[in-house]
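Q: Sequence:
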Amino acid sequence: MSVIVELPRTWVASLERRLVTATSQTPSPFTGSTEVQDWGGEWWEYDIAFAAQSGPLARSASAALTALGSGRGLLLFADPSILPKALTQTITLQLAVSGGNLLQTEGWPPGLPAVLSGDFLSIGLGRDTRLHQVGFDVVANASGQAALTIFPAIRQSLPAGTVLEVNQPKVLLRPTSSVPTRIERVARHQFTMSAREAI
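Counting in the working numbering, the sequence shown tops out at residue 213, every number present.
It is worth saying that the hints were derived from the structure and are not from the lab. Positions of the beta carbon are idealized from the N, C-alpha and C atoms, including for glycine. Possibly wrong hints are sitting among the right ones.
Said to hold, decoys possible - Computed Cβ-Cβ distance ranges for the label pairs, DEER-style:
#1 Gly140 / Lys99: 31 to 41 Å
#2 Ile197 / Thr45: 47 to 57 Å
#3 Arg199 / Ser42: 48 to 58 Å
#4 Leu126 / Thr48: 34 to 44 Å
#5 Leu33 / Leu126: 25 to 35 Å
#6 Ile18 / Leu130: 29 to 39 Å
#7 Gly132 / Val177: 17 to 27 Å
#8 Asp151 / Pro94: 17 to 27 Å
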């Protein structure tokens, strides 16, 4: 049975996030130059350490992480290192997109900075949630439209009007191995997890 687990942001003590790209490098034995083959695949990987818990909270955390199994379940993760925004308007795709790193968007406050380099957004809900990072600062035009360069690239076709989550972006993760529980003195439980984007 595949389940989607969502945990409170406050449970996270530390994390490591990285964008992995499907590339291979082959150095020439004659010249030393390197040929890079880019296969186009990109995904997020995380190493997460959860805050130590005890009592009923530890049991709840243990149950939630146990439900993930070794990749059987999915974690809809609100990365606490991504600062929430408070936009009241809905941001959508202005034009349909069938892949790539460029999004034409609308709904931003006119003439103001839409996003800054390093900001995040997510697209989709539930099992279709994908996390993207913005590459460059963008100011919306007088009509509230902005062209965003994002990473990783869009992997599927999205129609115009698709909603972008900019206030509380999330990533859908699948554990790459079982989630261990370390139990220390005074029954304090510590959990760590390695996961990759569920694509």
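Q: Next step is simple, just say for each hint if it's right about the structure.
A: Results of checking the hints against the structure:
1. Gly140 / Lys99: 31 to 41 Å: Given about 21 Å between the Cβ atoms, the range is violated.
2. Ile197 / Thr45: 47 to 57 Å: holds (55 Å)
3. Arg199 / Ser42: 48 to 58 Å: About 56 Å separates the Cβ atoms of Arg199 and Ser42, which means 48 to 58 Å holds.
4. Leu126 / Thr48: 34 to 44 Å: The hint (34 to 44 Å, Cβ to Cβ) holds, given that Leu126 and Thr48 are roughly 43 Å apart.
5. Leu33 / Leu126: 25 to 35 Å: holds (28 Å)
6. Ile18 / Leu130: 29 to 39 Å: holds (30 Å)
7. Gly132 / Val177: 17 to 27 Å: holds (22 Å)
8. Asp151 / Pro94: 17 to 27 Å: holds (23 Å)
Violated hint: 1 only; the structure is consistent with all others.
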